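Asker: Spelled out from the first residue to the last, the chains are:
2 protein chains.
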Amino acid sequence: MNQINQVAIVGGSHGNELIGVYLVKKFQKYPDLIKRTGYKTVSLLGNPQAINAGRRYIDRDLNRCFTGTNLPDGETSIYEEIRAREIQTILQPQGQASVDVIIDLHTTTANMGLCIILGNMHPILLNLAAHLSTINPLVKVYIHEQPRNSGFLRSLSELGFAIEVGAVAQGILDAELFQHTEQIIYAALDYLEQFNQGKINENINTLTLYKSISTVDYPRDENGEIQAMIHPQLQFRDYQPLHPGNPLFLTFDDQEILYEGESTVYPIFINEAAYYEKGIAMYFSQKQVIDI
Amino acid sequence: MNQINQVAIVGGSHGNELIGVYLVKKFQKYPDLIKRTGYKTVSLLGNPQAINAGRRYIDRDLNRCFTGTNLPDGETSIYEEIRAREIQTILQPQGQASVDVIIDLHTTTANMGLCIILGNMHPILLNLAAHLSTINPLVKVYIHEQPRNSGFLRSLSELGFAIEVGAVAQGILDAELFQHTEQIIYAALDYLEQFNQGKINENINTLTLYKSISTVDYPRDENGEIQAMIHPQLQFRDYQPLHPGNPLFLTFDDQEILYEGESTVYPIFINEAAYYEKGIAMYFSQKQVIDI
Numbered sequence: 001m002n003q004i005n006q007v008a009i010v011g012g013s014h015g016n017e018l019i020g021v022y023l024v025k026k027f028q029k030y031p032d033l034i035k036r037t038g039y040k041t042v043s044l045l046g047n048p049q050a051i052n053a054g055r056r057y058i059d060r061d062l063n064r065c066f067t068g069t070n071l072p073d074g075e076t077s078i079y080e081e082i083r084a085r086e087i088q089t090i091l092q093p094q095g096q097a098s099v100d101v102i103i104d105l106h107t108t109t110a111n112m113g114l115c116i117i118l119g120n121m122h123p124i125l126l127n128l129a130a131h132l133s134t135i136n137p138l139v140k141v142y143i144h145e146q147p148r149n150s151g152f153l154r155s156l157s158e159l160g161f162a163i164e165v166g167a168v169a170q171g172i173l174d175a176e177l178f179q180h181t182e183q184i185i186y187a188a189l190d191y192l193e194q195f196n197q198g199k200i201n202e203n204i205n206t207l208t209l210y211k212s213i214s215t216v217d218y219p220r221d222e223n224g225e226i227q228a229m230i231h232p233q234l235q236f237r238d239y240q241p242l243h244p245g246n247p248l249f250l251t252f253d254d255q256e257i258l259y260e261g262e263s264t265v266y267p268i269f270i271n272e273a274a275y276y277e278k279g280i281a282m283y284f285s286q287k288q289v290i291d292i
Numbered sequence: 001m002n003q004i005n006q007v008a009i010v011g012g013s014h015g016n017e018l019i020g021v022y023l024v025k026k027f028q029k030y031p032d033l034i035k036r037t038g039y040k041t042v043s044l045l046g047n048p049q050a051i052n053a054g055r056r057y058i059d060r061d062l063n064r065c066f067t068g069t070n071l072p073d074g075e076t077s078i079y080e081e082i083r084a085r086e087i088q089t090i091l092q093p094q095g096q097a098s099v100d101v102i103i104d105l106h107t108t109t110a111n112m113g114l115c116i117i118l119g120n121m122h123p124i125l126l127n128l129a130a131h132l133s134t135i136n137p138l139v140k141v142y143i144h145e146q147p148r149n150s151g152f153l154r155s156l157s158e159l160g161f162a163i164e165v166g167a168v169a170q171g172i173l174d175a176e177l178f179q180h181t182e183q184i185i186y187a188a189l190d191y192l193e194q195f196n197q198g199k200i201n202e203n204i205n206t207l208t209l210y211k212s213i214s215t216v217d218y219p220r221d222e223n224g225e226i227q228a229m230i231h232p233q234l235q236f237r238d239y240q241p242l243h244p245g246n247p248l249f250l251t252f253d254d255q256e257i258l259y260e261g262e263s264t265v266y267p268i269f270i271n272e273a274a275y276y277e278k279g280i281a282m283y284f285s286q287k288q289v290i291d292i
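In the order they appear, the protein sequences are chains A and B.
Residues in the first sequence are numbered consecutively from 1, following full-length UniProt numbering.
Residues in the second sequence are numbered consecutively from 1, following full-length UniProt numbering.
Treat the hints as calculated values from the structure; they're not laboratory data.
Note that the structure is predicted; figures quoted are calculated from it, not measured.
One or more of the hints may lead you astray.
Label-pair distances were calculated between CB atoms; the ranges are [what the hints assert, rightly or not]:
id	chain 1	residue 1	chain 2	residue 2	range
1	A	76	B	95	32 to 38 angstroms
2	A	94	B	254	51 to 57 angstroms
3	B	219	A	2	41 to 47 angstroms
4	B	49	A	52	19 to 25 angstroms
5	A	28	B	193	56 to 62 angstroms
6	A	260	B	2	53 to 59 angstroms
7	A	58	B	86	25 to 31 angstroms
8	A	76	B	77	56 to 62 angstroms
9	A	58	B	2	33 to 39 angstroms
10	A	90	B	217	33 to 39 angstroms
11	A	263	B	121	57 to 63 angstroms
12	B	217	A	58	23 to 29 angstroms
13	A	256	B	224	36 to 42 angstroms
Partial list, derived from the structure: chain B residues whose beta carbon lies under 8 angstroms from chain A [what the hints assert, rightly or not]:
id	residue
14	22
15	38
16	40
17	171
18	172
19	230
20	259
21	273
Cβ coordinates follow ideal geometry from the N, Cα and C atoms, glycine included.
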């Protein structure tokens, strides 16, 4: 790809992640903020009904409904499946050019800082992420490799990525994280502008990545009831090394559950509220420094 | 009142405040933890349907439905009104003795620490709160004066109070705050045991209180749409003095909104997620040291 023609910024794919919601409302009020000369930028709210209800979703997690051509053709009464098709029609209209870049805005109750989530290792994404890491040392880069149309909004586009900021509670605005997210968006848009102009001439040779290797569920009883909490020594320690023997969970009657793996891992998305129902207490990742 | 005969501990009046939910589940599994010799202790889950749904409430905030004898006698299809009547029947059965003390467990996204919320200035409550402040310096005492049966669960009982801990996101467990809350409950139960035995002989003469004086809403446009966020310099600064001229809000286009009152106040419940819909960005309180 030599030329970016269209960029989409989506906020509120989850209705209770307010930073993305209010950033998109701001961009729709002041479109010049995201206008660049070399490409067209659109912004949209992902899940308007969930935003109105103050909930992550109405019927189903919208950000698992983007299965592309696999979307059912028949009728569905699931609101998020209908909305996923609408969004796909906006971003990839039949017979017209699709958006090249999707920036999907999220927040998390985990202490993820300013996280760029990539679904693949496309060189443009890696270089963009490296650039963003350079201008803001709080930026972290997480790779969760996914095929196209794997359900995530970002997977609709080869150059889709998410900006996932935290820790912030669901249903609230955090002004500092709002401003950080806004600055990352502008930096990404400026980078894509320079890319179009052939003006990328940074000397960044390496990029530190956190690469998803597995999920870890809470200890549960036979009824699926949670039996333990994130250990206090692990809470908010996203991206920190977890060594064999380190505490992982604390049961409700104060028993420590230790990490019994054989190698050091880097937990992320620790104690994300929306993942309790998905059976995910955290992701384990590997930390890698790659040449780019 | 010379004798406490029954104490009730209620968790999950709000279904997404998990610390109270899992503490009550623990107490129901191990009832000896809350058993004392001088009175009977019961524990119950406030809003089972909301707990299952992972939401604050189904139809209406349960903790505004306890209007006592004013509860409608006719049919209602509002789940929380029905549930409020059920709880009232459990705690105040007709023709039998009512519970004397209600301990209502809550969490908040505001940085309220370990807050004891009193609805009145009953000497037993003030002395209990002073005792709890003494054994744990993280405990703060907030007075929000309310008549009996004013809607809050705690208002059913003259000796009702809430334990409100934060900052914690909705929908997650925080192990450290779970343990702190548990310890406060045991300390309160032990104090009531000693009260019954006439063994309270502490020399506490003063108590620091934060007393509610007003609510402050977010700046909104004519459609009710929020126009600003809690200012970063105010976020998480619950109980800290706010002086005239200090920043209060930050608009989405970076304009500061200052506090224009004439006297210093102490904001609390700053940026509580559930209060956005109630039109409350924070409460202003006065800090007082009273003789007890």
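Asker: Would you mind marking each hint as holding or not holding in the structure?
Answerer: We went through each hint and held it up to the structure:
At about 54 angstroms, the beta-carbon gap between residue 76(A) and residue 95(B) misses the expected band of 32 to 38 angstroms. Separated by about 40 angstroms at the C-beta atoms, residue 94(A) and residue 254(B) break the suggested range of 51 to 57 angstroms. Taken as a hint, the range 41 to 47 angstroms holds for the pair residue 219(B) and residue 2(A), whose Cβ atoms sit roughly 46 angstroms apart. The given range of 19 to 25 angstroms is respected by residue 49(B) and residue 52(A), whose C-beta atoms sit roughly 21 angstroms from each other.
Restraint check, residue 28(A) to residue 193(B): a C-beta distance of roughly 60 angstroms satisfies the suggested window 56 to 62 angstroms. Taking the beta carbon of each, residue 260(A) and residue 2(B) are about 55 angstroms apart, inside 53 to 59 angstroms as hinted. Here the CB-CB span from residue 58(A) to residue 86(B) is close to 28 angstroms, well matched to the stated 25 to 31 angstroms. The hinted range of 56 to 62 angstroms is not satisfied by residue 76(A) and residue 77(B), whose Cβ atoms lie roughly 29 angstroms apart.
At roughly 54 angstroms, the beta carbons of residue 58(A) and residue 2(B) sit outside the given window of 33 to 39 angstroms. Between residue 90(A) and residue 217(B) the CB atoms are about 34 angstroms apart, so this pair conforms to the stated range of 33 to 39 angstroms. Residue 263(A) and residue 121(B) have their C-beta atoms about 58 angstroms apart, which keeps the hinted 57 to 63 angstroms range intact. Our hint of 23 to 29 angstroms for residue 217(B) and residue 58(A) holds, since their Cβ atoms are close to 27 angstroms apart.
Separated by about 48 angstroms at the C-beta atoms, residue 256(A) and residue 224(B) break the suggested range of 36 to 42 angstroms. With its C-beta approaching chain A no nearer than about 6 angstroms, residue 22(B) sits inside the 8 angstroms limit, and its interface hint holds. Using the Cβ-Cβ criterion of 8 angstroms, the hint placing residue 38(B) at the interface with chain A is not satisfied: the shortest such distance is roughly 25 angstroms. For the restraint placing residue 40(B) at the interface with chain A, the shortest Cβ-Cβ distance is roughly 23 angstroms, beyond the 8 angstroms limit, so the hint is violated.
Interface hint at residue 171(B): satisfied, since its Cβ lies 3 angstroms from the closest Cβ of chain A, which is below the 8 angstroms cut-off. For residue 172(B), the shortest C-beta to C-beta distance to chain A is roughly 5 angstroms, which falls under 8 angstroms, so the interface hint holds. A distance limit of 8 angstroms between C-beta atoms decides the matter here; for residue 230(B) the minimum to chain A is near 6 angstroms, and the interface restraint holds. Here the hint on residue 259(B) is broken, as its CB sits about 16 angstroms from the closest CB of chain A, past 8 angstroms.
For residue 273(B), the shortest C-beta to C-beta distance to chain A is roughly 3 angstroms, which falls under 8 angstroms, so the interface hint holds.
Figure legend: structure checked against the earlier numbered hints; hints not met, in rising order: 1, 2, 8, 9, 13, 15, 16, 20.
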